[in-house]
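S.K.: Sequence:
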Amino acid sequence: MKKMIMMLSATSLMVSAMVHAEVYLGGKVGKSWLDDACRPADTCDDDSSAVGAFLGYQAWENIALEAGYDYLGTFSGAGLNDDHVNAITLAPKFNLPIYQNLDLYAKLGGAYVDYGSEEDWSYLAAAGLELSATQNLAVRLEYQTLTDINNNIVRAEGNMATLGVTYRFGHSEPAPVVESQPRPVAAVAEEKPEPAPLTPVKSQVMKTVKKSLNSASSFGLNSAALSAQGLADLQEVVDIVSRYPQATVTVTGHTDSTGSAEYNQSLSEKRAQAVANALASQGVDPSRITVRGMGESEPVASNDTKEGREKNRRVEIEIPTFTYQVTEE
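Numbering (the numbering used here), first residue to last: 248 to 576.
Just to be clear, a hint being listed does not mean it is correct.
The calculated lysine-lysine pairs, modelled on PhoX-like cross-linking and capped at a C-alpha distance of 20 Å, are [to be verified]:
hint, residue 1, residue 2
1, 458, 517
2, 454, 517
3, 439, 517
4, 457, 558
In short, the hints are calculated from the structure, not lab data.
Based on the sequences and whatever the hints tell you, model everything.
M.R.: Below, the structure written as structure tokens:
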């Protein structure tokens, strides 16, 4: 029991270290059962109700580190004597997007199991499906097994089938752009100035300006919300469009080929719209912005390598060539 208390303390320290990181918290309920817990001569009660809680740290886009506490229930037979079975778990979690907002995932790691007066290390394996209901909330269906639970009489396997709910911290929907209405101003009689002498003007051409935002630095993981770095990268575009009323902007979102085509198309559109919303919030007229999502259809590098996939996850901003006039001195 002392060792389990020490592991719980280590978990609480991990919570403190993750306050400013991308973390999630969840709980689960379901059914549990033990395999190989009964000898032929024993009468066993080897199934029970189970509950659990877990804390995760999203280290990369599809890889997380997850710690948890599981209460498998009360079991009898083979020396267990109606004892409670608890487990502290730690394992990496690997996600594979298979459809829009739906992931298949697996976990492989370890656990420290406490039942009655016996404590033992165990191996953990789990697999499940996770559906993102919103940017913050997700629902998961999971099967988990703990192998080699040893009480000096038998070596059993602990199994759980659970339904869980996850809350992700650090995500929020982008605020909609609201155009301010001009306040009515009372008409004031103005003196008509003397017409200014005509001055010669000449035309100038502003060539096409292109800028690309990398998803790793400009967006959160699996998120369409712009980061502080992403907002800062837009300043050059805002300056040009604010200075030249002739300028227009085309915003195009792209993804790599990880996940389904439908999911990638939706993510590319959301990220392109997030950039357009940010431009509008800094004074760019939305009528001058064109938004497109291309999904995975226009890669600039191979999706077979990690570096190539990072290059393909991008939002491209283009100010097409336009003509403006300046006064000759």
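S.K.: Each hint needs a verdict: does it hold in this structure or not?
M.R.: These are the hints, each one checked on the structure:
no., hint, verdict
1, 458 <-> 517, "holds, 18 Å"
2, 454 <-> 517, "violated, 28 Å"
3, 439 <-> 517, "violated, 50 Å"
4, 457 <-> 558, "holds, 16 Å"
This entry does not satisfy hints 2, 3, going by the numbered hints stated previously.
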